[in-house]
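Student: One-letter residues, chain by chain:
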Amino acid sequence: MSTNEAGALSIRSDLPDLHGIKLAVIRDCNDMVLEQATSVAVAQVSRPLISVGGDGGSGGDAGGGN
Amino acid sequence: MTTARPGASYHELSWDDFDSLALTGGDVSAADVFKRSERTRVLLLLRAIVNEVGDTADMVGPLAPLSTAWDLLARVQETEPGALYAILDHPFTGSWAAHTIRRLRTSESQPYPLWSQLGNLHALAASAAIRAGIDARLAVPMLHGTVVLPTLGAVRLDEFSPEWSTSTVHVHDAGAEVEDGHFRVHVPEDRYSHSPGWWGLRRLVSCSGTRELVLCLDDLDPYRGLRQPIQPARVAQSEIDAWAELLQSAWGLVCQAVPHIADVMPLGLNTIVPGPPAGNFREVNASSADAFGSAVIGRPRDDATLGAILVHEFSHIQLNALMHLIVLYDDQHGGRYHYAPWRDDPRPLGGILQGIYAFAGATSFWRGLARCTSGPLHRRAAFEFARWRTASFTTLCRAREESALTNAGRRFLNGVADRLGSWQDEEVAAETIGMAGLAAVDHYLGWRIRYLRLDAAAVLALARAWPGKWPDTGLDLSSGAPVLEPDGPWARDRADHLRTQVIGSGLVEQGDNEADQALATGSYERAAKSYIWELTTTPDKPSSWAGLAMAMRAARPGPASELLFQRPELVHAVCRAIRSLTAVPPEPLAVAAWIANGLALSGQQEPN
Chain Y
0 MSTNEAGALS IRSDLPDLHG IKLAVIRDCN DMVLEQATSV AVAQVSRPLI
50 SVGGDGGSGG DAGGGN
Chain H
0 MTTARPGASY HELSWDDFDS LALTGGDVSA ADVFKRSERT RVLLLLRAIV
50 NEVGDTADMV GPLAPLSTAW DLLARVQETE PGALYAILDH PFTGSWAAHT
100 IRRLRTSESQ PYPLWSQLGN LHALAASAAI RAGIDARLAV PMLHGTVVLP
150 TLGAVRLDEF SPEWSTSTVH VHDAGAEVED GHFRVHVPED RYSHSPGWWG
200 LRRLVSCSGT RELVLCLDDL DPYRGLRQPI QPARVAQSEI DAWAELLQSA
250 WGLVCQAVPH IADVMPLGLN TIVPGPPAGN FREVNASSAD AFGSAVIGRP
300 RDDATLGAIL VHEFSHIQLN ALMHLIVLYD DQHGGRYHYA PWRDDPRPLG
350 GILQGIYAFA GATSFWRGLA RCTSGPLHRR AAFEFARWRT ASFTTLCRAR
400 EESALTNAGR RFLNGVADRL GSWQDEEVAA ETIGMAGLAA VDHYLGWRIR
450 YLRLDAAAVL ALARAWPGKW PDTGLDLSSG APVLEPDGPW ARDRADHLRT
500 QVIGSGLVEQ GDNEADQALA TGSYERAAKS YIWELTTTPD KPSSWAGLAM
550 AMRAARPGPA SELLFQRPEL VHAVCRAIRS LTAVPPEPLA VAAWIANGLA
600 LSGQQEPN
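Quick mapping for you: the protein sequence lines, in order, are chains Y and H. In terms of numbering that gives the first Met the number 0, the first sequence has 2 at position 3, counting the first letter as 1, and numbering is strictly consecutive. In terms of numbering that gives the first Met the number 0, the second sequence has 360 at position 361, counting the first letter as 1, and numbering is strictly consecutive.
Be a bit skeptical, because a hint or two may be false.
The calculated SDA-like cross-link candidates involving lysine to any residue, where the alpha carbons are at most 25 Å apart (straight line), are [unchecked claim]:
1. K468(H) - A589(H)
2. K34(H) - A589(H)
3. K540(H) - A460(H)
4. K34(H) - D16(H)
5. K34(H) - Q35(Y)
6. K34(H) - M31(Y)
7. K34(H) - A42(Y)
8. K21(Y) - K468(H)
9. K21(Y) - M31(Y)
10. K540(H) - G473(H)
11. K21(Y) - A589(H)
12. K21(Y) - D486(H)
13. K540(H) - D486(H)
14. K540(H) - A23(Y)
15. K21(Y) - R410(H)
These are computed hints drawn from the structure, not numbers from a lab.
Work out the full structure, taking the sequences as your base and the hints as a guide.
Tutor: Below, the structure written as C-alpha cells:
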C-alpha cells in the first residue's frame, strides 16, 4: 500500500510486488524488504482476523458467520 | 531503514480505489490489485515455510526435502509462469500455508502427520509441473490411496492402502502419471473430466448476457475447510447439477440487481466449497482471510438467497484482502464486544466491520432485486432490504464511535455510511418496514436477555423486597458490557414467521407457534397471553421474553410494558431471583410494573 497523504493511512506493510522475481532468487534473498514483508504476512496468519463462521449470513438472520 | 531490491515495485492501491470499495462495494481496479497482492502474500508464506523447515529430513518423513519442491516451482516459473500463478492463486494454497505456519508454532496434536502436511508443497509443485508440462518426478503424500493434485483433481490408486503413504508423480513428454508401485493412473488432459482412478475438479460456468462467472466446486483439496485439513469428499453428480442450475439462475439475478458488483466478482471469487444443503433462512456460509477467492457455501433452496450469499461472501473476500494491506482498526485495543444484528453472539470490532461491509453488499443486492421483480420475490427482497439497511447502518454508526479505528478505518466506514445512508429513506411498503422492524427488535431483545448481566446483589435486593417497598439504598441496575456465555438458547422461528407474513405463501413453510403467529399477524393481546403461558412452563426462555416484550408494548402501552421492552434482561433477572427465593414464578408484568414504579418513585433514571 502506498500513500500520497502522509499519515492518513496506517500502512501494515509495503508489500513488494514479487511478480517476475524468480522463486529461486527469493529463497536465497536476505533483502530486508522481503524479510519485513514475510514477517508481516506470517504474523497476519498466526492470528487470524476472522473467527471461523465469520460475521456472515446474507440475510435471513443466519447466524454463525460474520 | 529498509533496503529495496533494485527494480522492486510495490503494490499500490489509490485513494480513489479505496474509496470506491467503500462507496460501491466493488471496484475492478482494486480487485486487480488484490489479486496480485494476495499472490505475493502467498508467495511470502511459502518462502517462510521453506525457510523455517529448511532441509530438515525428519520433518518431511519419506518425502524429498522441501527445497526439491521449491526448485520445481522455480523451474515452472521460468518455463511457464502462468502455471505457477495458477497454483499461487488457488485459494487453498493460502489456507494450507497459513495452517502450516500456525502448526509449526504450536505443540497441539494434529490429526495429520506433519510430513503429510508439509508434503502438500510437493503436491502443489507436482500440479504446477503438470500444468506447465515440464519433466518432473516427485513423491507426494497419499491418504488411503488418494492423491490430491491441487487445482487439478485427485488420483485414486488403492483404497486399501495404509492411511498415509506416498506415491510418485511423473510428468513427461507424453503426459503425467501417478503411481504407487502397484497401480498407475494417467492424469487426463481434460482435467475436469471424470474417469476410472481420476476425480477431476468440477468447474461450473454461469452466463448472463456478456457476463460470465466461472467457479470451481472444490470437494477435494484437504485445505478447503476452515479449520483442520479434511479428506476429499466427492459430492454426488446430482448435487453438482443442482448447484449448476441454481448458480446459473443466481448469477442472472446478481447481474440484474447489482451489475457493478457482477463486473468485479469474477476477479475475486473463483471457488466454492459446497457445504451441507441449507434450510430456509438457515444459511451458514463462511470465507476465510487465508483463502482468497473462495467461500464455503451450503446450497440454499432458492436462487435469490444464493445471489445474496455470493455478493456477501465476495464482500468479505475483498475486505480481507484490503485488511491484509491496511490497518483499519487497532486489534490490540482492548477487545470490546458489541451487538451484531446478524449474529446471535457479541462480536469484536473486527467482526463488526466485516459484518457491516458484507451486509452492505447483500443489502445492495436485495435493493436491486426489489426494484426489478414483482410478487413474492419482490416482497422477500423488499423485506431483506428493509431489514438489513437499517441493521447495517445503525451498527455502522455505533462502530464509527470506536476509538480503535484508524484514520483509514474511519474513512472506509464513512464511505460505507454514505452508501447505506442514502438508502435509509427509500420507499418500502409500510407493512414490510413494520415486519422488518419487528424482526430487528426481536433479535436485539433476545440478545439483551442472553448476553447482558446485572449486578447479582442488586437483583437479589429487589427480589427480597418484592412485592413490597422499593429498597431505599441506591442500587446499580445498569446492564454491563456483554458477556460471551449466553443465558439460554435463541430460536429464529419468529423471524421466519415475520418473513412469511410479508412474502406470502409459496416460499417458506409456516411454523406452528401460536404466539409467534399471533404476533406476526398483529394479534398482540393474544400473542402476549400465549407468551405468558409459555413462560409458565419455560420461565427463562429468551424468545418468550422477547416476544412478550414486543406484544405487550403494542397491546398495552404504559410504563410496565415500556420497561419490559427497554430492559427485558432486568425484568427477567428479577423474576428469576424471586422464583429462586419463593419457588413460585411471579407474574412478569406485575414485576415489570413494580420495578417501573420503584424506579420512578426513587427518581432513578431508567438505566440502560
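Student: All hints, please: hold or fail.
Tutor: Tested hints:
{"no.": "1", "hint": "K468(H) - A589(H)", "result": "holds (14 Å)"}
{"no.": "2", "hint": "K34(H) - A589(H)", "result": "violated (61 Å)"}
{"no.": "3", "hint": "K540(H) - A460(H)", "result": "holds (23 Å)"}
{"no.": "4", "hint": "K34(H) - D16(H)", "result": "holds (14 Å)"}
{"no.": "5", "hint": "K34(H) - Q35(Y)", "result": "holds (21 Å)"}
{"no.": "6", "hint": "K34(H) - M31(Y)", "result": "holds (24 Å)"}
{"no.": "7", "hint": "K34(H) - A42(Y)", "result": "holds (20 Å)"}
{"no.": "8", "hint": "K21(Y) - K468(H)", "result": "violated (81 Å)"}
{"no.": "9", "hint": "K21(Y) - M31(Y)", "result": "holds (17 Å)"}
{"no.": "10", "hint": "K540(H) - G473(H)", "result": "violated (30 Å)"}
{"no.": "11", "hint": "K21(Y) - A589(H)", "result": "violated (76 Å)"}
{"no.": "12", "hint": "K21(Y) - D486(H)", "result": "violated (56 Å)"}
{"no.": "13", "hint": "K540(H) - D486(H)", "result": "holds (9 Å)"}
{"no.": "14", "hint": "K540(H) - A23(Y)", "result": "violated (62 Å)"}
{"no.": "15", "hint": "K21(Y) - R410(H)", "result": "violated (37 Å)"}
In terms of the numbered hints stated before, the structure departs from hints 2, 8, 10, 11, 12, 14, 15, listed from lowest to highest.
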